[in-house]
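Visitor: Spelled out from the first residue to the last, the chains are:
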Amino acid sequence: MNHGQQSGEAKHEDDPALTEFLASLMDYTPTIPDDLVEHYLAKSGFQCPDVRLIRLVAVATQKFVADVASDALQHCKARPAPVVKDKKQQKDKRLILTMEDLSKALREYGVNVKHPEYFADSPSTGIDPATREE
Amino acid sequence: MVLHVMLGELVSLNMSNGVGEGGRSQSRESHGKRELFQGNDFAYVLARMAVAQICENVEVNVSQKGVRFSAFQESALDTLTGVAVQYIQSIGKSAQFYANVAGRVEGNSLDIVQALTDLGSGSGVSDVECCLGDSGIVKDVIRYTGEAEEVPFVYALPRFPINKEKRGAPSFSEVGAEPPYEHIPVWLPAFPETNVGTIEGNGPSLPSIQHSFNGGGLEVLKSPKSARNSTQGEEEMEGNPFLAAPLRFVENEVSPVVRLLELSNEVVGISHVSDKHTSNNNSHIPVLEASTPCDDINNKNKLSESEDGKKKGGARPQQTLLCFKIGTLKRPSCLAIKGSVQGRRWFQEGEVKREKKSETEENGERFDLANLGPDVVI
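If you read the sequences in order, they're chains X and S. Per UniProt numbering: the first sequence = residues 1 to 134. Per UniProt numbering: the second sequence = residues 1 to 378.
If you're looking for bench data, these hints aren't it; they were derived computationally from the structure. Only a predicted model underlies this, so the values are computations on that prediction, with no experimental measurement involved. Think of the CB as a built atom: it goes at the ideal place given N, C-alpha and C, for glycine as much as any other residue. Mixed in with the good hints there might be a few duds.
[Said to hold, decoys possible] Estimated spans, in silico, between C-beta atoms of each pair:
hint, chain 1, residue 1, chain 2, residue 2, range
1, S, R248, X, K43, 41 to 51 Å
2, S, F242, X, S70, 44 to 54 Å
3, X, G45, S, A245, 55 to 65 Å
4, X, G45, S, P179, 41 to 51 Å
5, S, S90, X, D34, 14 to 24 Å
6, X, R79, S, E106, 39 to 49 Å
7, X, M26, S, P180, 52 to 62 Å
Bound conformation, chain X alone (with noise of 0.2 Å):
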C-alpha cells in the first residue's frame, strides 16, 4: 500500500501541518496562563523547556472547556423555559451554567459528575414539605 510505504516518509512530511501550526501558536495567546499550565504538567511528571509545547497543551485544554461549555450551553437553551407571565420577559432568558447541564455535557465526554441534590444537613432534609414534621 501506498499509504504503508509513505508512511516512513510522509510523518516527515505531513509534519508541516504541525510544526507550522507550532510556529504560529507563538501568535495566539492563549486564554491559560503558559505558567499555570507549566505548573499542573509539572506536578504530573512531563517537562519541557519549549513554550510552543506548553501552548499546544493550553489550547487543546481550552478547546475543551469550550466544547464542554458550548454542549452544556445547549443544553441549557433546549430546556424549554418556565412559564412566565408577562410576555416580555420571556425572551430575556439567563442562561446560567448549572451542574445539571455540565454533567450532561460531561457525560459525552466520559466524564461522571453526579452532583447530589441537596445537602443533607439535617434529619428533615429532602422529605416532602407536606409530609415533614414540624
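Fit chain S to the supplied structure of chain X, relying on the hints for placement.
Guide: For chain S alone, kept in the frame of chain X given last:
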C-alpha cells in the same frame, strides 16, 4: 507574604469579575470549605478564573444571534475547573509516558498529540499508519484557533511557583571564625552558637537558629520559642502542641518502689484472701503499681491533685486500698466482678456452691472491687 496577598486580591477580584449573581451568595459560605480541600490554592484560583473566562466567551449561534452564558453556578464552575485541571494533568502524564517509552526524558510535540488522541479528544479516528501530524486532533485544534476569539488571561501573572532562595549556613571562612578542631576545613558551615547560660532570653539571632540544625540539645529548645515570638501572625504555632517547647532535662521526682512486704501486709488486711494467693503476685504488683489506677479511685482515696499527671514524690500510703491480682486463682476470675450473673451459668453446678461461699467472704470488701470497672481482671 507576597503570595498570600496576591491570593487574597485575586480571590476578591474573582468574586466580582466573572461570577454571576447566583454564585455570589454562595461564594462567602463555600469559600472556607474550598480552601480546605484544594491543595494548591493559588494555581486553582487561577485555573478557575481562566475557565470562567473561556466559558464567558463560548457562544452558540442560534438564528444569527449569539447566545452566551450570563452566570455560573459556583459548584458547576468548580467542577469544570477540576475537570480542566485533571485534563491537563492527564495530558502531561500520558505524554511523559510516551516519551519514556521512546527512550526520551523530555516530551515531544508528537508525544502530546499522541496523548491527546488517547484521551479521545480528536474527532477523527486514529489510524496506526496515519501520520500523527495529520490526526484529527491537530486539525481540530488548528480549526479552533482559527475560529475562536483570542482572549488573553485577565491578570498579569508573576512567575510562579515562587522559589525562595534558601540561604545556606555560612561557612567558617565567611563568618570569620576559626574551626575549633584541626580536622575541620574552613569551607564547611560554621558551628551554631551555643549559649548555655541564656535559655530564656533571645540569645543568638533568629536566622542562625533557623538555619542551623541541631548542633546541641538546647537549640531545639530555643527555636520553637523564638520562632513563636517572631512570627506572631502564625496563630497555629501557638496552639500546636507538637511545636511546643520540649520538657526540660531536669530530674523528675518519681515515686520510689514500694516494698513488697508493706504491700502484701495491706493486701492481707483488706481482702481476706489467703496468703498463698498473694505470694503468686510478687512479680505483678510492682508493674501494676507503676501504672496509675483510674481517676475515680484517686479521688476516692483523696489524694492531693497531681499537676500535669506527673508522678508525685514520696510514697502513696493511701493507695494500698487497691488490690490488683493477676494470678492463678482457682476460681474463675470473671466471677469476682459483682453483678456478673451470666458468668455463673457458664460453670458447673458443683463449683457454684464454692463460688458462693467465697463471694460471701468478700462481700464486705465488694464495694472496692466493683468500683474498679469492668476492665479490671481480678
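Visitor: Compare the structure with each hint and give your call.
Guide: Going through the hints against the structure:
1. S/R248 <-> X/K43: 41 to 51 Å: 44 Å, holds
2. S/F242 <-> X/S70: 44 to 54 Å: 51 Å, holds
3. X/G45 <-> S/A245: 55 to 65 Å: 41 Å, violated
4. X/G45 <-> S/P179: 41 to 51 Å: 43 Å, holds
5. S/S90 <-> X/D34: 14 to 24 Å: 19 Å, holds
6. X/R79 <-> S/E106: 39 to 49 Å: 47 Å, holds
7. X/M26 <-> S/P180: 52 to 62 Å: 59 Å, holds
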